[in-house]
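J.: So you can see what is in the structure, the chains are spelled out below.
Number of protein chains: 2
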Amino acid sequence: MIHRYDFGSPIHTGAVVRELPVSGGAIPYFMISREHDALCFSLSLDRDDIVFGLGEANRGINKRGHLYTSWNIDDGLHTESKNALYAAHNFLLIFSKTRCFGAFFDDPGLMHFDLGYTKIDEARIISENGDLTLYIIEEATPAEIVSSLRRLTGRSYLPPKWAFGYIQSRWGYRSEADVRAIVDEHRKRRIPLDGVCMDIDYMDDYMDFTVDPAGFENLSRFCGEMADSHAHLIPIIDAGVKEKKGYDVCDEGLEHGYFCTYEDGTPFVGAVWPGRSFFPDFLRDEVRAWFGSKYHRLLDAGVDGFWNDMNEPALFYSENGIKDAYEKAMRMKDMNVGIHEFFRLRAVFADMANNPNDYESFYQTLDGRRVRHDQVHNLYGAFMTRAAAEGMTAHNPDCRRLLFARSSYIGAHRYGGVWQGDNHSWWSHILLNLKMLPSLNMCGFLYNGADIGGFNGDTTEDLLLRWLQLGVFTPLMRNHSCQGTREQEIYRFSLQEKMRDIVTVRYALLPYLYSEFMKAALTDGCMFRPLAFDYPEDETACRVEDQVMLGGECMIAPVYQQNARGRYVYLPEDMLLIRFRAAGDYDCFPLQAGHHWIDLDLHEMPLFIRRGCVIPLSRGGEWVDAVDAKDLTLLGWIGADSAYAFYDDDGLSTQVSLADGLTRITVRCGEDDTSAHGGNLTLHTHKLITD
Amino acid sequence: MIHRYDFGSPIHTGAVVRELPVSGGAIPYFMISREHDALCFSLSLDRDDIVFGLGEANRGINKRGHLYTSWNIDDGLHTESKNALYAAHNFLLIFSKTRCFGAFFDDPGLMHFDLGYTKIDEARIISENGDLTLYIIEEATPAEIVSSLRRLTGRSYLPPKWAFGYIQSRWGYRSEADVRAIVDEHRKRRIPLDGVCMDIDYMDDYMDFTVDPAGFENLSRFCGEMADSHAHLIPIIDAGVKEKKGYDVCDEGLEHGYFCTYEDGTPFVGAVWPGRSFFPDFLRDEVRAWFGSKYHRLLDAGVDGFWNDMNEPALFYSENGIKDAYEKAMRMKDMNVGIHEFFRLRAVFADMANNPNDYESFYQTLDGRRVRHDQVHNLYGAFMTRAAAEGMTAHNPDCRRLLFARSSYIGAHRYGGVWQGDNHSWWSHILLNLKMLPSLNMCGFLYNGADIGGFNGDTTEDLLLRWLQLGVFTPLMRNHSCQGTREQEIYRFSLQEKMRDIVTVRYALLPYLYSEFMKAALTDGCMFRPLAFDYPEDETACRVEDQVMLGGECMIAPVYQQNARGRYVYLPEDMLLIRFRAAGDYDCFPLQAGHHWIDLDLHEMPLFIRRGCVIPLSRGGEWVDAVDAKDLTLLGWIGADSAYAFYDDDGLSTQVSLADGLTRITVRCGEDDTSAHGGNLTLHTHKLITD
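In order, the protein sequence lines correspond to chains B and R.
No gaps in the numbering here: position 669 of the first sequence is 662 in my numbering, and each next residue is one more.
No gaps in the numbering here: position 99 of the second sequence is 92 in my numbering, and each next residue is one more.
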């Protein structure tokens, strides 16, 4: 049951796909107060209340006890202090034994979520705009609340199957030769690979939809060459459009007035990678149609995947900002800088980037109404993603394409996936990566993943190996790093064979992972869930922060500490531990419900299968198309007959049907032997553990 | 057995107190190579080698797998990426079942410790100076290696007993009224307290050894008032001396040439809190004697504790640095800043602080020889601590005073303690705090503690409460925070009673903690140890990173995760769990060796006592002098007769004797009753668990 409450003049964000009537009567749960324009929703928190939600956000699966800010920002230092990241996913799920409800604050402006920070027993959610729609969702279970939200906000984006392959990326690949070498090195060593991301250097002077002719002589030919090697090219597209006469995107945008403007109507200028740039007003249908059509140039060349970046939008500085900074610095120069002036001087230049003043200085147009950017700030990335998706659909409505973005808002989950932003090569970020999975899933972002090995900072061999062991399970499995950091392609390391072996596990699990992803997407469910969703009565399970449920059958619990040779795991029920070393190299251990220490050497990774369940395992492959999803080995610990609903399809068509894609795999445990059946699948049962 | 090897012209750092002969023959373990001036010591690492050591350093108890840099630096953002903190403690302990040795690199310049980072199976230790003494220490056990190092480097600093009380601190207390309010609020709520730190604002314009007359009308009178309230004042002293005519420390330093100089002999000018400042050359005996004598002014007023800060030395900028920065910025101004220039522009001002160029631009004098500062950089803080300690001894050789510093080098442990620097209000820093304890102990820094609640960033109620639960055990138990962050005195929070209760546990444990501290100091032992020191045969114990041994009888394992209601603990042997809520409020649970999940509500903290051991517990007190160390309740789980060597003394005298201070507490387990005896102590045995 969803109740809708409107406050002020809600902005049409595009988050929901069903228009609900506004509810009458008192708003449940929250006390509401107004301070100037801001609206504050306060809520008493009981000792045992857990707060789930907020999608791509920092810290725990349980968000209780801290501050969160919805203000999309390009800030790559995700320490525990950071309250705002790249996305605004304003959904909360309050859960305890005595109550359970969801709240979606559909507000594209600045919001604060004080979830027991200022007062340990009170949540205060503040909308600075004061114009929003609040949806209160009441169902019997957390999982049903999330399904209800998801039906309200629409079906999640479906990537092509190849997008579940291993992807290599780095800011620094500059040419066909660079990319070719990456692919060759993987193929030579039989490290599975399905794609290579091209970061900003592939462009001509960082101009969107151009290709540096010095590095990429003929993109179409090169796409073909890469396709022959079973590798997809995935170029980046940034939000900012370089100011340059003769550059079609700039010229057309200026000519038609497609860019965001200052109050006086002249185009807003901010600096990003290409230097001085303009910012398309993606909120307008005609601007999206225009910008989306620009992707056709690359699609025509054979590109079938993109990542959209810098779409918070990031601003290194504005033309006004840098002028002001110099003026301030000059005034201080004559002041004989004292120590407090010194800190102000440093701040003058440090604070130029992503400066709130700049976001208040330009305007967009929504539903024909002019709106200052900061009022709708958190929509910018979402509508860029929509522009790209609509452009791709216009190019070919029948073919799924890979698309993922940095910045997002609920609603964008219908158009593309996300990556978790510019993380660091920190062990704590393996855990953060894990914790975001269920939270992102709740908000509809099923296709997601973090930069494996860490984007900023220097990785270590063991960090990368352990991170890959989590990456095996994330829909987007991408190794990505920043220019200037330690190179972190698998083959750079002495442990490369162990790393390769772990990647092969991904391809062995691919039929299962794809099946669970598609089922979640087509049923408005979550591929990854907090344990509380599956074991709401188990108080220990509800508070676990370093294990998550995967699909209907599994639980994952990666190692995320350097030099650890294992970890603790809590099993809410009997489970079968699979300790993987490679696609075909693993042991199975039946474990009783309860607390366990699991030995896991550096090259070993665990997967837990609920007792009574089976999952299919392929023989693997060096790219997705090479994986035979019809020749499957079943894993599980069963005592009675068992079954698995296996989904598969061609991996490309946009016309998908759950009914058509499902094959029911049934296992019969006989006295003497165990047999399995499922359509035209070849099924091996010798690995099944029976009581 | 210690072997000494000299390379080049080793600098006399004062780290060791025994002159060993230089060993002949080949250097064991390490392969040595030279690149220009630098010396590289490489060592193969076996799969099971653990690397302990490095004192105050980032990351794990086991340092293996990462890079560490010895270069004392004022950098308050201790993310996982940071290789250098405030101290240089160049001691490593390599440990596995097949080998065990220590290596102390006595080198005060820039050193790198690549401990399996570049190559996972190789350590490379690089001395940039190339002038150093290497001590190789071989003994049968890790504990004996550390004792051997400690005998070489001299007895650890002994603080007064009151320094084990709870200390409240914050950058922002400006006046007698501020400090009085802090003490009053604690006393009113019966939160135990023994001292208040005065941060830089107590000074007149940040001038060392002055007091702001506006805030502190009469320090002597105020010291007396505070003493009546059983509170000690602990002012800060910074390394930099303000450039100001008429300020005696400045005038005398200039007159006698006591400050570090540029190459041309004119005094080096760097900017710190007081603005343009001079830096005493603490390496010179006469400078230390002079600077140390300045402490007398505050000692005479009744101050009996100090903290030395900014002694890396921190440099916000130098007079040359800021001139250069402006010049660079001006040149860029005319360049029509592009995006890469923009990043350079930001860096120009950001990189002014602690700039290597500045450390290479000034000179000190050691043993009559002129030496460029960077060659001896890591000694600066250590020799400032020595200056203060020598000054205090000169003032009164019979009385222990509290002294702790930010920057240090091995050798400084004889003169004072340390705090762990400008940490953050992060849960991960509770764990970092714990991990540093054994590493600091190995290097002799027994008196240490981290800023409880976190210095930078905003604390949360639960973070502070959990951090206090660790702070209960650290010799320095100080709540400290930065100006501008959330106020974090206990009484600011709704959970203040729970927090107070935890502080009372500290006072209940005080007789035991003081006893174990003093025994460690007087026997060159470690109060805190990695589990590997006590259970070297237990491979699981050896790799535990979130539990440490405390004293001869205990193990600690704090909760360091938000919203956790317990934690996993590994017991290498049977232990008695004490679950404390307050001094007199606790439960005891005998637990078998092995893995355990321990339920710990937010206000509950664990202590583990080894089976067969007993520890004494007092009734507590609101300040250290109020704790009756003669009326003790024994805690433990024993099956046979047991004993504890209890050390106590007057807590002030510098003439300490282990033999004189020890009382042997014996417990006799009879058929019907259990009785205990120990000198003139009143001992209660009703809490003892017997088989």
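Do not take every clue at face value.
Because identical chains cannot be distinguished in the list, a pair is counted as satisfied if it fits within a single copy or across any two copies.
Computed cross-link-like contacts, DSS-like style, restricted to lysine-lysine with a CA-CA straight-line distance of at most 27 Å [what the hints assert, rightly or not]: (1) Lys316 to Lys326; (2) Lys512 to Lys238; (3) Lys326 to Lys238; (4) Lys326 to Lys90; (5) Lys238 to Lys112; (6) Lys181 to Lys112; (7) Lys90 to Lys75; (8) Lys75 to Lys326; (9) Lys623 to Lys316; (10) Lys680 to Lys321; (11) Lys181 to Lys90; (12) Lys181 to Lys326; (13) Lys237 to Lys623; (14) Lys238 to Lys287; (15) Lys326 to Lys112; (16) Lys238 to Lys623; (17) Lys237 to Lys512; (18) Lys321 to Lys491; (19) Lys623 to Lys512; (20) Lys287 to Lys491; (21) Lys491 to Lys316; (22) Lys237 to Lys90; (23) Lys287 to Lys321; (24) Lys512 to Lys491; (25) Lys316 to Lys112; (26) Lys287 to Lys316.
Keep in mind that the hints were calculated from the coordinates and are not lab data.
J.: Which constraints among the numbered hints does this structure fail? Numbers only, ascending.
T.: Hint check: 2, 4, 5, 7, 8, 9, 10, 11, 12, 13, 15, 16, 17, 18, 20, 21, 22, 23, 24, 25 and 26 fail, others pass.
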